[in-house]
Amino acid sequence: MNDVTEAPEEEEKSLFAAPPEGEQERMVEAMLFASAQPVTVRDLEARMPIGCDAAEALVRLRKRYEGRGVRVVKVDDAWAMRTAPDLGFLMQKETVETRKLSRAAIETLAIIAYHQPVTRAEIEEIRGVSVSRGTIDQLLEMEWIRLGRRKMTPGRPVTFVVTPTFLDHFGLESARDLPGLKELRQAGLLENRPPPGAFSMTDQEPEEEDDEVTGQPELFDE
Amino acid sequence: MNDVTEAPEEEEKSLFAAPPEGEQERMVEAMLFASAQPVTVRDLEARMPIGCDAAEALVRLRKRYEGRGVRVVKVDDAWAMRTAPDLGFLMQKETVETRKLSRAAIETLAIIAYHQPVTRAEIEEIRGVSVSRGTIDQLLEMEWIRLGRRKMTPGRPVTFVVTPTFLDHFGLESARDLPGLKELRQAGLLENRPPPGAFSMTDQEPEEEDDEVTGQPELFDE
Amino acid sequence: MGDDNFQEDTISVADRLAAEALIVDVEGYEGPLDLLLTLSRTQKVDLRKISVLELARQYLAFVEKAKALRIELAADYLVMAAWLAFLKSRLLLPPDPSEEGPSGEDLAAHLAFQLERLQAMREVAARLMARDRLGRDVFARGQGEDVMRIRTVRFTATLLDLMQGYARIRTRDEFRPFVMDRDSVFTMEQALERMRGLIGFAGDWTEIAAWLPDGWDSDPVRRRSATAATFAASLELVKQGQLEIRQSATFAPIEVRKRQ
Numbered sequence: 034m035n036d037v038t039e040a041p042e043e044e045e046k047s048l049f050a051a052p053p054e055g056e057q058e059r060m061v062e063a064m065l066f067a068s069a070q071p072v073t074v075r076d077l078e079a080r081m082p083i084g085c086d087a088a089e090a091l092v093r094l095r096k097r098y099e100g101r102g103v104r105v106v107k108v109d110d111a112w113a114m115r116t117a118p119d120l121g122f123l124m125q126k127e128t129v130e131t132r133k134l135s136r137a138a139i140e141t142l143a144i145i146a147y148h149q150p151v152t153r154a155e156i157e158e159i160r161g162v163s164v165s166r167g168t169i170d171q172l173l174e175m176e177w178i179r180l181g182r183r184k185m186t187p188g189r190p191v192t193f194v195v196t197p198t199f200l201d202h203f204g205l206e207s208a209r210d211l212p213g214l215k216e217l218r219q220a221g222l223l224e225n226r227p228p229p230g231a232f233s234m235t236d237q238e239p240e241e242e243d244d245e246v247t248g249q250p251e252l253f254d255e
Numbered sequence: 034m035n036d037v038t039e040a041p042e043e044e045e046k047s048l049f050a051a052p053p054e055g056e057q058e059r060m061v062e063a064m065l066f067a068s069a070q071p072v073t074v075r076d077l078e079a080r081m082p083i084g085c086d087a088a089e090a091l092v093r094l095r096k097r098y099e100g101r102g103v104r105v106v107k108v109d110d111a112w113a114m115r116t117a118p119d120l121g122f123l124m125q126k127e128t129v130e131t132r133k134l135s136r137a138a139i140e141t142l143a144i145i146a147y148h149q150p151v152t153r154a155e156i157e158e159i160r161g162v163s164v165s166r167g168t169i170d171q172l173l174e175m176e177w178i179r180l181g182r183r184k185m186t187p188g189r190p191v192t193f194v195v196t197p198t199f200l201d202h203f204g205l206e207s208a209r210d211l212p213g214l215k216e217l218r219q220a221g222l223l224e225n226r227p228p229p230g231a232f233s234m235t236d237q238e239p240e241e242e243d244d245e246v247t248g249q250p251e252l253f254d255e
Numbered sequence: 403m404g405d406d407n408f409q410e411d412t413i414s415v416a417d418r419l420a421a422e423a424l425i426v427d428v429e430g431y432e433g434p435l436d437l438l439l440t441l442s443r444t445q446k447v448d449l450r451k452i453s454v455l456e457l458a459r460q461y462l463a464f465v466e467k468a469k470a471l472r473i474e475l476a477a478d479y480l481v482m483a484a485w486l487a488f489l490k491s492r493l494l495l496p497p498d499p500s501e502e503g504p505s506g507e508d509l510a511a512h513l514a515f516q517l518e519r520l521q522a523m524r525e526v527a528a529r530l531m532a533r534d535r536l537g538r539d540v541f542a543r544g545q546g547e548d549v550m551r552i553r554t555v556r557f558t559a560t561l562l563d564l565m566q567g568y569a570r571i572r573t574r575d576e577f578r579p580f581v582m583d584r585d586s587v588f589t590m591e592q593a594l595e596r597m598r599g600l601i602g603f604a605g606d607w608t609e610i611a612a613w614l615p616d617g618w619d620s621d622p623v624r625r626r627s628a629t630a631a632t633f634a635a636s637l638e639l640v641k642q643g644q645l646e647i648r649q650s651a652t653f654a655p656i657e658v659r660k661r662q
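Protein chains in written order, with this note's numbering: chain Z, 34 to 255; chain D, 34 to 255; chain P, 403 to 662.
Check the hints yourself; a few may be wrong.
As the list claims (entries may be wrong) - Below, computed lysine to aspartate or glutamate pairings styled on DMTMM-like, alpha-carbon distance capped at 20 Å:
(1) P:K451 / P:D436
(2) Z:K184 / Z:D210
(3) P:K451 / P:E507
(4) D:K215 / P:E518
(5) Z:K126 / D:E99
(6) D:K96 / Z:E56
(7) Z:K133 / P:E525
(8) D:K96 / Z:E99
(9) D:K107 / D:D119
(10) P:K490 / P:E466
(11) D:K107 / P:D534
(12) P:K490 / P:E474
(13) D:K133 / P:E638
(14) Z:K96 / D:E56
(15) Z:K126 / D:E78
(16) D:K96 / D:E54
(17) Z:K96 / Z:E56
(18) Z:K215 / P:D563
(19) P:K451 / D:E216
(20) D:K133 / P:E525
(21) D:K107 / P:E432
(22) Z:K126 / D:D76
(23) Z:K184 / Z:E157
(24) D:K215 / P:E507
(25) D:K133 / P:D539
(26) P:K641 / P:E591
(27) D:K133 / P:E432
(28) Z:K96 / D:E99
(29) P:K660 / P:E638
Unchecked claim - Listed next, with one range per pair, are the computed distances between beta-carbon atoms:
(30) D:A51 / Z:P197: 30 to 38 Å
(31) D:A79 / P:E525: 27 to 35 Å
(32) P:G433 / Z:R93: 51 to 59 Å
None of these hints come from the bench; they were simulated from the model. For glycine and all other residues, C-beta sits at the position ideal for the given N, C-alpha and C.
Only chain Z is shown next, with the shape it has when bound in the complex (with noise of 0.2 Å):
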């Protein structure tokens, strides 16, 4: 039985001399280069002329290739050329974009500066709307909030605090350095309020600055 199949293998050998080792290395490279998808050693030999051995030409071209930098893998039963993995960083060109941050981030973001530690569900009533998981995960992700103790209350809700990256980025030596409400109301930034000393139209203002001047400082007593 192996006489039978050998025989003939043998004979077209003999019949068409396979290229030279040398030049089988140099098909099998080019075909290996040129393809848009890993390449068989089947399909390989199935291009190259009769009698060629793809499989043994691969471990050469591997061999040949090794330390350089591109190299020979096998990817399933396929081959295929690679750029080497530790020169990766030549493949990727970085653009850094600056971008100003959203008004809902910079509000979420304040909240937390100055409410530290505060729940999802606290600065939600502070802002009065919902906050999406984007903007909280953006923020955690830029490394200027992250995640302080549990509150002590019913679900024990995870609360926010600002990092030393926040306090780095907005140069600040402690997130007791944030203006208080007097201070950005004397800047101009509350003129929204009534002056004070004049009627007051809201009657919850008063209650509201007690909260702050006492509830401030404790905040940020960790």
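Following the hints, complete the assembly by docking chains D and P onto the known chain Z.
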């Protein structure tokens, strides 16, 4: 003068130790290998660490690939890796059937390549027939030709020149390597000789003619 | 003249065959120059040594035949024929020193140059197309790993942004549609209701100010509103015949009492 320019270069080299030669060669290899389009030395260096000499690495890389199944070729001021031409027969599968060019398109292309920058009127003068809009459009669309600078003759006609894509397609380093260019020039066949006297078959060119004689050889003597 | 006859004889058969082929296929030629180039091949000589006179004859013969066969020739073929006829006459006649313009030889040389140049362009075009071409003989990287552009977006904000953001939240409550603030307004309805309840106790003349509700007499704004409302309510009650109202002098206190 030499000392002045060399000094900062030295400094830079010592400040930023460039990767060793072999490493630079690997980098250039990976970048050329990965790109289907030719890459300029400038682009290569922009992606490499500071202090690298891509041109130098390219020379070594080109030598390394001599006789392989893949070659390092120069196209205009860029470099690319291409399969060896003798192995084209293996690549039947990869062949992209390109639109067959008409005889008019082929002749027009050759005239542009050998006479660039050349106006439409000049092409017509050489071919003895008008050039259809479609022919020029097709060549422009294939990105084998592009508009060159306008000719400083009455009417300031646009000119056509060949592109790096053209060079890449025909395996030319530059337009100077066009086959038979030297012989044609020596035979005076690249001059656009003015027809004697006022009587010309297509009488639009007398003024343009002068420019031709001086303009043509200049292009290739760069 | 004899020379010309000789030439005509030697090529007449080939010429005739070629001309016939041309007539059948005149559409296949790209203009007169292309046709001339084809005709010139029948001379089987270097283009630089071509006999332009002979070529002119061939061309004119071609045009004549085409006319005889009623083949419509494009205008440029006829223009070329006219020009070649002129050239032929120039070449055949001895140069006339009084005549202006280029000599027949100059014109012939230029035509020969044009033909040679066109031929040269065709040859190099063929050489160009026969080169190892990208995508046919030579191949580019099949799976280009193009440079990945990593766009990092860095978000920034300033301390002012932060403060403004916080201020915006803390003052948001005041941004609301404009409505009359009712807090310091005592309406006539409120005054009427109040007075109807109290009217039974007003048997005697009482100053209107005494009717003001508690907490509305210290603040000037509130006092003004309450006073106006109470006065208007009093007038209403007077109209209804439940109350009497009087003022002793201008700016004197206004007094009311239950109608007796």
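Going through the hints against the structure:
Taken as a hint, the K451 (chain P) and D436 (chain P) pair is honoured in the structure, with Cα atoms around 18 Å apart against an allowance of 20 Å. Of the supplied pair hints, the one linking K184 (chain Z) and D210 (chain Z) is violated, its CA atoms being roughly 24 Å apart against a limit of 20 Å. Between K451 (chain P) and E507 (chain P) the CA atoms are separated by roughly 13 Å; this keeps the pair inside 20 Å, and the hint holds. The hinted pair formed by K215 (chain D) and E518 (chain P) meets the criterion: a straight-line CA distance of about 16 Å does not exceed 20 Å.
Under the criterion of a C-alpha separation no larger than 20 Å, the hint pairing K126 (chain Z) with E99 (chain D) is inconsistent with the structure, at around 30 Å. Of the pairs offered as hints, the one joining K96 (chain D) and E56 (chain Z) holds, with about 18 Å between alpha carbons and a cut-off of 20 Å not exceeded. Restraint check: the Cα-Cα separation between K133 (chain Z) and E525 (chain P) comes to about 63 Å, which exceeds 20 Å; the hinted pair is violated. Our distance criterion of 20 Å between C-alpha atoms is met by K96 (chain D) and E99 (chain Z), whose separation comes to about 18 Å.
A hinted pair counts as satisfied when its Cα atoms are at most 20 Å apart, and K107 (chain D) with D119 (chain D) qualifies at roughly 18 Å. The straight-line distance between the Cα atoms of K490 (chain P) and E466 (chain P) is roughly 15 Å, inside the 20 Å bound, and the hint therefore holds. Taken as a hint, the K107 (chain D) and D534 (chain P) pair is honoured in the structure, with Cα atoms around 15 Å apart against an allowance of 20 Å. Straight-line distance between C-alpha atoms of K490 (chain P) and E474 (chain P) comes to about 23 Å, which puts the hinted pair past the 20 Å bound.
A C-alpha spacing of about 102 Å is found between K133 (chain D) and E638 (chain P), which places the hinted pair above 20 Å, so the restraint is violated. At roughly 18 Å between alpha-carbon atoms, K96 (chain Z) and E56 (chain D) fall within 20 Å of each other, so this suggested pair holds. Of the pairs offered as hints, the one joining K126 (chain Z) and E78 (chain D) holds, with about 12 Å between alpha carbons and a cut-off of 20 Å not exceeded. Our distance criterion of 20 Å between C-alpha atoms is met by K96 (chain D) and E54 (chain D), whose separation comes to about 14 Å.
Between the alpha carbons of K96 (chain Z) and E56 (chain Z) the distance comes to roughly 16 Å, so the proposed pair stays at or under 20 Å and holds. At roughly 17 Å between alpha-carbon atoms, K215 (chain Z) and D563 (chain P) fall within 20 Å of each other, so this suggested pair holds. Proximity of K451 (chain P) to E216 (chain D) is assessed by CA-CA distance (about 18 Å); at most 20 Å being required, the pair is judged to hold. Pair hint K133 (chain D) plus E525 (chain P) holds up; C-alpha atoms about 18 Å apart against a cutoff of 20 Å.
At most 20 Å may separate the alpha-carbon atoms for a hinted pair to count; K107 (chain D) and E432 (chain P) exceed this at roughly 37 Å. For the hint linking K126 (chain Z) to D76 (chain D), the alpha-carbon distance of about 11 Å falls within 20 Å, and the restraint holds. Between K184 (chain Z) and E157 (chain Z) the CA atoms are separated by roughly 16 Å; this keeps the pair inside 20 Å, and the hint holds. In summary, the hint linking K215 (chain D) to E507 (chain P) is not supported, as the alpha carbons are separated by about 28 Å, beyond the 20 Å threshold.
Between K133 (chain D) and D539 (chain P) the alpha-carbon distance is near 16 Å, which keeps this suggested pair within the 20 Å criterion. A hinted pair counts as satisfied when its Cα atoms are at most 20 Å apart, and K641 (chain P) with E591 (chain P) qualifies at roughly 15 Å. About 18 Å separates the Cα atoms of K133 (chain D) and E432 (chain P), which keeps this hinted pair within 20 Å; it holds. The straight-line distance between the Cα atoms of K96 (chain Z) and E99 (chain D) is roughly 18 Å, inside the 20 Å bound, and the hint therefore holds.
In summary, the hint linking K660 (chain P) to E638 (chain P) is supported, as the alpha carbons are separated by about 13 Å, within the 20 Å threshold. Checked against the given bound of 30 to 38 Å, the beta carbons of A51 (chain D) and P197 (chain Z), roughly 36 Å apart, stay inside it. Between A79 (chain D) and E525 (chain P) the beta carbon distance is about 42 Å. The supplied range of 27 to 35 Å is therefore violated. The hinted range of 51 to 59 Å is satisfied by G433 (chain P) and R93 (chain Z), whose Cβ atoms lie roughly 58 Å apart.
Violated hints for the displayed structure, listed by number in ascending order: 2, 5, 7, 12, 13, 21, 24 and 31.
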